[in-house]
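J.: This is what each chain is made of:
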Amino acid sequence: MSREAILSAIRRGLKRGPLPPDQRLMLEARLAAHPRHLIPARSRLPRAEQVALFIRNVEKEFGSVRRLADAREVPAAVAEFLAAQNLPPRLAIAPHPELIGLDWSARPMLQVEARRGAAEDAVSLQHGFAGIAETGTLMLPSAPERPTTLNLLPDTALVFLRASRILGAYEEAFDLLRAELGAMPRNVMLVTGPSRSADIEQTLELGAHGPRRLHILLVDDDPAALSAP
Amino acid sequence: MHVTSPAFKENAARALGDPGLQKALGKAKGAFLQRRAEAVARLPEFEALRDIGRDIKNHTLAHLDFYLETFAANVERAGGTVHWCRTAEEARAAVLEICRAAGAKTVTKGKSMISEELGINAHLEAHGIRPVETDLGEYIIQLRRETPSHIIAPAFHLNREDWEADFRRAHTDLDPDRVFHERRDILAEARTKLRQQFLAADVGITGANFLIAETGSSVIVTNEGNGDLTQTLPRVHIALASIEKVVPTLEDCVSLLRLLARSATGQDFSVYTTFSTGGRRPGDLDGPQEYHVVLVDNGRSEMLGTEFQEMLRCIRCAACMNHCPVYGAVGGHSYGWVYPGPMGSVLTPSLIGVDKAGHLPNASTFCGKCESVCPVKIPLPKMMRHWREREFERHLQPGAARGSLALWAWFARRPQAYRLATRAAVALLRLLARGRGAFTSFPFAGGWTAGRDLPVPQGRTFMAEYAARQRGR
Ligand code: SF4
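As you go down the protein sequences, you meet chains A and B in turn.
With the numbering used here, you'll find the first sequence wraps up at 219, consecutive numbering, no jumps.
With the numbering used here, you'll find the second sequence wraps up at 475, consecutive numbering, no jumps.
Pulled out of the complex, with its shape left as it was, chain A reads as follows (with noise of 0.2 Å):
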């Protein structure tokens, strides 16, 4: 069979028969164990200046965000965003409960759809696991209520993310999906501003085939993300 031929072959590479029992549990040991290695210190900040900095670094990779006081304000802060955008008063929002719980109905104006991206959807509002301050980058593991195609198919990406959910590293949100999830979803996008492509002439064009436009509706729960730096 292949599978043994290859390992085999690999060992004769290494110049070894199959690992001893010890070092097979030397390297299962690492596995759990799953050390870090050296973090850029760049992120290592307190709480208000780790927040600025996820925002700084989502605005240098071209989206965009808003900071709301309370969850409340979503539903209006959305519809003014379309409106600014000339952008139809229609999207299809994650069946998350966060998002559902919202009172949509005080904006009879917005069509909202709680269900899975379609191809002509022109706008998008997706629940945010994590933000990741070092690089401005949003988390976003599939499940149920946070379906993939939300963040692919739209021309317009609405990421709803509460303030006390930025961290600074991407091992830091690795360690909070393990926490919370346990196992792996079937996929984790790591999500850094809006698509784009630099194939012709490597030259930079934002709006390849993911959305156009990445805006992030930033709910400040979290005090200590507050007090000025």
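Calculated from the structure, these hints are not laboratory results.
The reader is advised that the hints may include incorrect statements.
A few chain B positions that, by computed beta-carbon distances, are all more than 12 Å from chain A [to be verified]:
1) 10
2) 13
3) 131
4) 302
5) 356
6) 407
Taking lysine-lysine and the DSS-like style, the derived pairs with C-alpha atoms no more than 30 Å apart in a straight line are [claimed, not checked]:
7) 29(B) with 5(A)
8) 5(A) with 379(B)
9) 107(B) with 384(B)
10) 29(B) with 50(A)
Stretches of chain B that chain A covers, calculated by requiring three or more beta carbons in the stretch to come under 8 Å of a beta carbon on chain A [said to hold, decoys possible]:
11) 25 to 39
12) 102 to 112
13) 134 to 145
14) 161 to 174
15) 240 to 248
We put the beta carbon where it would ideally sit given N, CA and C, even for glycine.
Take the given structure of chain A and dock chain B with the ligand to it, following the hints.
T.: For chain B with the ligand alone, coordinates are given in the frame of chain A:
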């Protein structure tokens, strides 16, 4: 894929005389260099991370059997399937079988160099299945029936005019009045066309930048989002990966990710970095029903334990080719197979044989730039020298080259004669140059002077200069 590596010299001569290619190379190159330098400057820990990247890869390679077995077990635990393939032939057969079982007519594809290496597209086409490349650069390459000329920017050799011409030719429904003045217009046309394909596809094939043993995940890194649409919308997702892509944990993976985008495109992080683990879970509203990993050896295990083992650390960032003066002059197609530039000069002889690819490790100025930018510190120049030695040992070089080397060796072992001969040569060359700074042609050196000037020696020989300075102290 058709191999033209044995004709490297002819390829290179043609490339040097191709004005379109030279224009594209000239325009594209500076951008990569500057962006990388800026990204590296923004991260003070970058140098330290290079050592870490090297160590993670070395650790993994030393225990590759263990990590592959762990990876496969975890893929299966998450409901996926691993297909172990020793050769390109086995891998092509595995892909075809999965596509057939899915009743596939159209297959979308994310950018994957291993797919080029295995010749997946031709194989699918030969069996009545239509592969559609969805990365913008790969898409135009497919329309032109070409191969990528760069491992992260497949259309590196093209200019804007080429795109417009190819779209007008291939998209027959295109309104003749449509304008393509801006790159934006080209992008919009490709986006519309490919959207239809994403929705029609039965199977999506991606590569993998990393495989993670701890979780059984495959990782792709893109800016366009095409790879994600490819692996999310169809019913079946196939991830193609060679065995050296595995790393132990998520922490190991993110340490390498910190190096990858900065070295490749000069971004701090690519737009989409996505971890796929198994197929659709209960309650999921989207995602593929089936998840397959086609795990390919195709010559990698043979490199373990040789002087080329370190090449298996490569994370395919392309920094070495972006910084290579030879690549910058002749472009990627001259190298004649899938992998161009310094990494190709080392990898290609390992994978297709030094008898076919012997010219590649010779196409180097040994300036050392590639090694100095490689994020996992692969000693590329040293390995090219190893290939030259092997080539010499196997008498694969032409008589003239062997003869000249033997002559040089005779002088090199006799310092007095060497100094005398070099002094005479310098004097003769300066006499012949009659005040010019360089020769544009020279008897018996046409191979050199066709592509570059031969500088006339300035001043004295090194030894004469050295002796004079010692005296002057
Ligand atoms: S050899 Fe190094 S620089 Fe070249 S592609 Fe591989 S990792 Fe990048």
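J.: Hints first: check each against the structure and report whether it holds.
T.: Hints, verified against the model:
Once the 12 Å rule is applied to beta carbons, residue 10(B) is consistent with being away from chain A; the minimum gap is 24 Å. With a least CB separation of 22 Å from chain A, residue 13(B) remains clear of the 12 Å interface cut-off, as annotated. Once the 12 Å rule is applied to beta carbons, residue 131(B) is consistent with being away from chain A; the minimum gap is 22 Å. Interface exclusion of residue 302(B) from chain A breaks down, the closest Cβ pair being 9 Å apart, not more than 12 Å.
For residue 356(B), the shortest C-beta to C-beta distance to chain A comes to about 18 Å, beyond the 12 Å cut-off, and the non-interface label holds. No beta-carbon of chain A is positioned within 12 Å of the beta-carbon of residue 407(B); the least distance is around 32 Å. A distance of roughly 47 Å separates the Cα atoms of residue 29(B) and residue 5(A); the hinted pair therefore is violated under the 30 Å criterion. As the CA atoms of residue 5(A) and residue 379(B) are separated by approximately 24 Å, the hinted pair is consistent with the 30 Å bound.
For the hint pairing residue 107(B) with residue 384(B), the CA-to-CA distance comes to about 47 Å; that exceeds 30 Å, so the pair is violated. A hinted pair counts as satisfied when its Cα atoms are at most 30 Å apart, and residue 29(B) with residue 50(A) qualifies at roughly 24 Å. Given a C-beta distance limit of less than 8 Å, the hint that chain A covers the stretch 25 to 39 of chain B holds, as 5 residues qualify and 3 suffice. Taking a C-beta to C-beta cut-off of 8 Å, the stretch 102 to 112 of chain B contributes 0 residues in contact with chain A, too few for the three needed, and the coverage statement is violated.
For the stretch 134 to 145 of chain B, the assignment as covered by chain A holds, since 5 residues bring a beta-carbon within under 8 Å of that chain's beta-carbons and 3 suffice. Figure legend: the stretch 161 to 174 of chain B, annotated as covered by chain A; annotation consistent (3 residues with Cβ-Cβ distances under 8 Å, at least 3 required). Three residues within the 8 Å Cβ limit are the bar, and the stretch 240 to 248 of chain B against chain A gives 1, so the coverage statement is violated.
Consistency with the previously given hints fails for numbers 4, 7, 9, 12 and 15, ordered from lowest to highest.
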